[in-house]
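Single-letter residue listing:
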Amino acid sequence: MSSMKQKPLVTLTTDFGVVDGYVGTMKGVILGIVPEAQLVDISHLISPQDVRQAAYVLYAAYRFFPRHTVHLVVVDPGVGSVRHPIALRTPAGMFVGPDNGVFSYVMACEPVEALVELASPRYRLPEVSHTFHGRDVFAPAAAHLAAGVPIATLGPAVDDPVTLPPPSLEMAADSATGEILHADRFGNVLTSIGLLTWDKENLSLVPTFQAGEGGRPRSVRLRADEATVLIAGQEIRGVCRTYANVGHGQTLALVGSEGHLEIAVREGSAASKLNLQPGQTVILRW
Amino acid sequence: MSSMKQKPLVTLTTDFGVVDGYVGTMKGVILGIVPEAQLVDISHLISPQDVRQAAYVLYAAYRFFPRHTVHLVVVDPGVGSVRHPIALRTPAGMFVGPDNGVFSYVMACEPVEALVELASPRYRLPEVSHTFHGRDVFAPAAAHLAAGVPIATLGPAVDDPVTLPPPSLEMAADSATGEILHADRFGNVLTSIGLLTWDKENLSLVPTFQAGEGGRPRSVRLRADEATVLIAGQEIRGVCRTYANVGHGQTLALVGSEGHLEIAVREGSAASKLNLQPGQTVILRW
Amino acid sequence: MSSMKQKPLVTLTTDFGVVDGYVGTMKGVILGIVPEAQLVDISHLISPQDVRQAAYVLYAAYRFFPRHTVHLVVVDPGVGSVRHPIALRTPAGMFVGPDNGVFSYVMACEPVEALVELASPRYRLPEVSHTFHGRDVFAPAAAHLAAGVPIATLGPAVDDPVTLPPPSLEMAADSATGEILHADRFGNVLTSIGLLTWDKENLSLVPTFQAGEGGRPRSVRLRADEATVLIAGQEIRGVCRTYANVGHGQTLALVGSEGHLEIAVREGSAASKLNLQPGQTVILRW
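Protein sequence lines, in the order shown, are assigned to chains A, B and C. The opening residue of the first sequence carries number 1 in our numbering; numbering runs sequentially from there. The opening residue of the second sequence carries number 1 in our numbering; numbering runs sequentially from there. The opening residue of the third sequence carries number 1 in our numbering; numbering runs sequentially from there.
Hint data in this document are derived by calculation from the structure and do not stem from the laboratory. These numbers were taken from a predicted model, which means no experiment stands behind them. One or more hints might be untrue.
Copies of the same chain look alike in the list, so a pair counts if it works inside one copy or between any two.
Claimed, not checked - List of simulated lysine to aspartate or glutamate pairs, DMTMM-like, C-alpha gap at most 25 angstroms:
1. K200 / D225
2. K7 / D41
3. K200 / E127
Excised from the complex, chain A in its bound form (with noise of 0.2 angstroms):
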């Protein structure tokens, strides 16, 4: 951490929804404890106890926000039950929220520098009720995270989250084997075939999601206009820049911005047209 002081910020994500008051109360608690603080909602509509979209929707946004920042997530089936609050510390942030494997993504690509159950009474509101840990045991730990308290004064150790099987991605000579993550507002499919990066006519790939058996995975390069994509029964031929290299609604596969292997529909919805869900197998063949 920098020695000069930062200005606080919180970013949002649960499935609270945007009708009822509960994001805006959980405001309130966190202003109450660091008026200064910047907050910032990431989604509230997370489908609800949907914790894989979750980690989803956080591990593609976490990245862009300053290093100081707090994420709270609340996204808790279990609320009230014996899974436990945590808060973790790495290198790109701070993360708070139920321990159900909401932070996988996350640490699957950051170190865990400190892990910790939120048990200390004292970073919590004085009464906490048995179904609002968001307001209660949440957005106290993170405001006082944000205010500088130090991580481990605010509980015990964890050593074995919970955690979310990874992203399925399997490498072979030819081709990569993943799965569809997520679709978008636009319609357009994000999937688990990723790290991408272009270089002249070539794509890098250097699967994000530690596919490998034992140590690195293997990286892999390959001509992205002779590249193939097989995905719920059609085949999209080579991989494009960007929706504009197609004609209106034509489908096309390129590299979506947080480097994963992305299915389109120009001007269209390629989750509709093609009929994609979350899960579905992709293969990216070269």
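For this one, chain A is given, so just place chains B and C on it according to the hints.
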């Protein structure tokens, strides 16, 4: 009020939705008057012109904000008619909006220290439209209050604000009869039966909304596991601590995060499963 | 610009929706550059790639923000193609987004003091994707402008920005013929016939969108109660001051909050009741 300078904080609750720019426009007006203000959205998806829903959502949220917060509420079916724009001050915060009952539930819980009509042209925009008082009257008033303008300078005292009938709650020797107030995004249903607090295996019920005839309503103490909830022709046995106390898809009664009796389905929607609507009767029998 | 240091203020208008984390990601980028910025959402639910709707929503909102505001607009069907990223400065604020006409209505109302292409790599993220210029190009430019970087340093001047045809508005001796611009959440329908201002029982109409042939369009004065509105085969008599001037469920014409002719149904939806769509013709006859 503290002598220490507080960071101005304004919350916004409207039925303006999030497609049009109306909320953003109000924020522009506020920040033109008090540039350092923190702005927090509570909800902009109150059902159009549903004053009672707005009153409930505000009621559930305001207590978790700092006491110097100004809560701006614009759910205003009578815009342009004779209804007055008002502001009120309580020990728990200030409130700005139309005099249509939207602050009824707050006023049932907090002493009103001052209540004025927003009559002074000095604290409005120079031109006031007939259709958007949120922008032209309410946002400027909230901004000036947040900036420290004394409430009494905004206009003359109002003695007889419009109030909604309080949520129904009738206490009998062995039961409390109330109504459904709200169904949230998860389909959890909040009722007027509260406040309930846990004391080991027992629940203490202290009616919030002044249901007693004359004087303070009596408090009741009951065994949670022996209580029964009757709702929409269904009987639910026992009041649980949290969702995880029942199996997936099971219906339960519990104490919601604001201390009111709540009906829920674990990882499901009670509103859908039991076909519940605001206004329906609910009985807690002990 | 004032010599006094203003608090940086950036608004955001996109078609990114509120489910994915795209908007949050842009805010992370902005706050990494200008940590003390105020961020205000205008709308993120512009219909996907609907440049004209975005132009209207921005038009209705920008005048109510302080003059040092930077308005960031990302509705960008041409991302990755040859369209230029631009920034412009007017006396009423600065604007950042794609050169696709989204600032047309602003430019019709405000003198453009500077208009540049966002060409300098120094004011972009180090790596620019082909698909998310909101994050990689526009957000950094808006942040640097808000931080006080002079607009001319961002890139070379642009002389011929793309402009949408202005909303149609034809003035005749006894009528004005325009079009529907927008239907809001309430089903209130805003038209291109404006600006209208009240003067006792009369209305003054000064065409905004330069409909005249050569020179300034002429201004007209008319009796509100004698005017007639023709829309979708219906005739509405008189222009009212506010919704409360008619009975529940009645259709009326009035002057909307931005000074344009508006068609509404009291406590109902004119868009639904009369089946109104953007682009349809509306006539005001006097």
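- Does the structure break any of the earlier hints, and which numbers would those be? Those not satisfied: there are none.
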